[in-house]
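Trainee: Taken in order, these protein sequences are the chains called A and B.
According to this note's numbering, the first sequence holds residues 1 to 261 in order.
According to this note's numbering, the second sequence holds residues 1 to 344 in order.
These are calculated hints, taken from the structure and not from any lab test.
Computed from a prediction, not measured in an experiment: that's the story for all the values here.
Any given hint could be a false lead.
What the hints assert, rightly or not - Straight-line alpha carbon distances no greater than 25 Å define the calculated SDA-like cross-link-like pairs of lysine to any residue that follow:
1. B:Lys124 / A:Ser158
2. A:Lys84 / B:Arg15
3. B:Lys124 / A:Leu183
4. A:Lys84 / B:Lys199
5. B:Lys101 / A:Trp173
6. B:Lys124 / A:Ala254
7. B:Lys124 / A:Arg186
8. B:Lys149 / B:Lys220
9. B:Lys101 / A:Asn163
10. B:Lys149 / A:Lys84
11. B:Lys124 / A:Lys84
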Amino acid sequence: MVKKGPFYWVSISCGMMVLAFILLPLVEMLTAPSGAMLKETIHDKNVVRSIWLSIYTAMAAAGISFVVGTPLAYVLARSHFRGKHLIESIIDLPIVIPHPVVGIAILSVAGKNHWLGTLMSELGIRIMGSTTGIITVLTFVGMPFYINALKSGFESISPRLENVSRSLGASMWSTFIRITFPLAWRSVLVGLIMCSARAISEFGAVVVVAYHPMIAPVLIYERYEAYGLKYSQPVAVWLVLICLTLFLALRVLALPRKKTS
Amino acid sequence: MIEIEGLRVNLGEFRLRDIDLSIDEGDFFVLMGPTGAGKTVLLEAIAGLTPVHGGTIRIGGRDMTRLSPEHRGIGIMYQDYSLFPHLTITRNITYGLRYQKRRKSSEKLFGQLVDDLGIGHLLKRYPETLSGGELQRVALARALMVEPKVILLDEPLSALDQSFREEIRLLLKKIHRDSHITFFMVTHDFSEALTLATKAAIMNSGAIAQTGTIRDIFQKPSSSFVANFVGMKNIFPVIFNGTETRISALTIEVPQPHHNSTGHIAVRPEDIVISLKPFESSIRNSFPGTVRGIIDQGFLYEVHVSVQDVVFKSLVTKGAALDLGLDIGAAVYISFKSSAVHIF
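Bound conformation, chain A alone (with noise of 0.2 Å):
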């Protein structure tokens, strides 16, 4: 056997410390939390309401990205013109900004100085501590992963393809949803679980625009607040715990397996 040198060892303490780094806080407070008290939580009506609202603002949040993301990913990755770059950019802008500048930010358009803010008011739209508002917030920040995984995975569909379909008689919406879209459709659901991931685990933003009603990050940290660490860790397994099966049982239903002939 080749005898292992000095990098080798080197690589093999700094990749344990890593993961001990991730691992080591997660796992203790996954289980600091008796059974007795993860079960008086789940029963908190207060609780249930808020970890619902996080995944129902979520997946809205998604939703539109989808919508409005999907074309805009296409064309990211199909086309090439002056100005591509900066377009790029500006997505990403969503990325780079502090949080609660994010949660200011939308704040300053949607209040009574701005005419779009007083364009919805008389619509009877309310941002500042409504739904709406939390959903405005979680796009906003959660968009951009879904538009930069799915363009990625529009680059990866050769063009030749969409010719071919197109040589063939299909139109160009034919071609996209016959062989562009479901070719992407992995993509597209990687896409729509980072965006939801980056929405649910949104604070800042949100606790500016909406304290109420409570998502459940904004839980957490009220209980955190108020009675201390021991109150705030049973919310936060059962968050953690609910997301990451709804995100698994995604991937496992919507996924096809790899066909065979």
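Given the coordinates of chain A, assemble chain B onto it according to the supplied hints.
Mentor: Below, chain B without anything else, positioned relative to chain A:
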């Protein structure tokens, strides 16, 4: 059938310049050229898959320049076959059927294509499990299923093993003979071009260098680029004087006078005969020389013979080289008929 006039395409650095081509109905047209000449771009422009910046494309008398690809009735087949990976072979072949007006005879056509191409046993499988030759047949069936007026083939045989190539080449010839479809094929393989094509064009850096019958292109190249490309290894700039020309001190007989006083002559290497004694026949051009180099080309040797300061390249079979005892420095005679000299 296909009339292309003044076609221009700009793709950033690359552009097609003033392409003029005329292809008759039922022709088997071959487009040749070095890599990067713009062959695939021209193909995609004809199919409507690349935006055109000038000129017209007419097919069957109808202006198609601005028509979207699905309304052109032009099939395209790429080098990588581009089968739809998520569909079975049957669904690949029948993909275009729902967009066709005449669907009554489609089942009959499907059966016939499947039989002709020998792909009946593949129908339920997915493309990733097929070999190159099988993918090729399926791609052909898919393109033929919608009964196009024109079919464009982008180097269809280049990705195949040598043994499959011959088979598919014969298949293409048969399909072309039995149908009324106009074939337009890009290739860089001369034997494909010679066995399949009726007419051809040579392309170079975004422009057509020469077009005409396949025989003319190989035998009467109109420029030194085409001559070089089709394998005329002996190309010399010359001064014409009636039916005689001079390359430095050598006087060479040519078949007819040239309209210019200066130009080029070209001789195919296989038209130059090497012998140990002067050739006594009607061959007019015969010179003594010395063997300067012998290059192994598989079945043949390319022999370089210098005559004074001019080097001629000749192709000799390995058996003949052995019989002649060819070696570097050997004294030999080279001879070629005046009719083998191409002038341009």
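Trainee: Compare the distance between the alpha carbons of Lys124 (chain B) and Lys84 (chain A) with 25 Å, and conclude whether the hinted pair is satisfied.
Mentor: 42 Å, violated
Trainee: Can you confirm whether the C-alpha distance between Lys101 (chain B) and Asn163 (chain A) stays at or below 25 Å?
Mentor: Judged against 25 Å, a Cα distance of about 21 Å means the pair holds.
Trainee: Given the hint that Lys149 (chain B) pairs with Lys84 (chain A), does the C-alpha gap stay at or below 25 Å?
Mentor: The hint is violated at about 38 Å.
Trainee: Between the alpha carbons of Lys124 (chain B) and Arg186 (chain A), is the straight-line distance 25 Å or under?
Mentor: 23 Å, holds
Trainee: What's the verdict on Lys84 (chain A) and Arg15 (chain B), does the C-alpha distance respect the 25 Å limit or exceed it?
Mentor: Within the cut-off at roughly 22 Å; holds.
Trainee: Compare the distance between the alpha carbons of Lys84 (chain A) and Lys199 (chain B) with 25 Å, and conclude whether the hinted pair is satisfied.
Mentor: 43 Å, violated
Trainee: Lys124 (chain B) and Leu183 (chain A): Cα distance at most 25 Å?
Mentor: Judged against 25 Å, a Cα distance of about 19 Å means the pair holds.
Trainee: Do the alpha carbons of Lys124 (chain B) and Ser158 (chain A) lie within 25 Å of each other, as the hint requires?
Mentor: 23 Å, holds
Trainee: Below or equal to 25 Å on CA atoms is what counts here, so check Lys149 (chain B) against Lys220 (chain B).
Mentor: Violated. Lys149 (chain B) to Lys220 (chain B) sits at ~31 Å, over the 25 Å cutoff.
Trainee: Measure nothing beyond the straight line between the CA atoms of Lys124 (chain B) and Ala254 (chain A); if it is 25 Å or shorter, mark the hint as holding.
Mentor: Between Lys124 (chain B) and Ala254 (chain A) the Cα gap is close to 23 Å, so the pair holds against 25 Å.
Trainee: With a cut-off of 25 Å on the C-alpha distance, tell me whether Lys101 (chain B) and Trp173 (chain A) pass.
Mentor: It holds: about 19 Å lies between the C-alpha atoms, which stays within 25 Å.
Against the hints set out earlier in the document, violations occur for numbers 4, 8, 10, 11.
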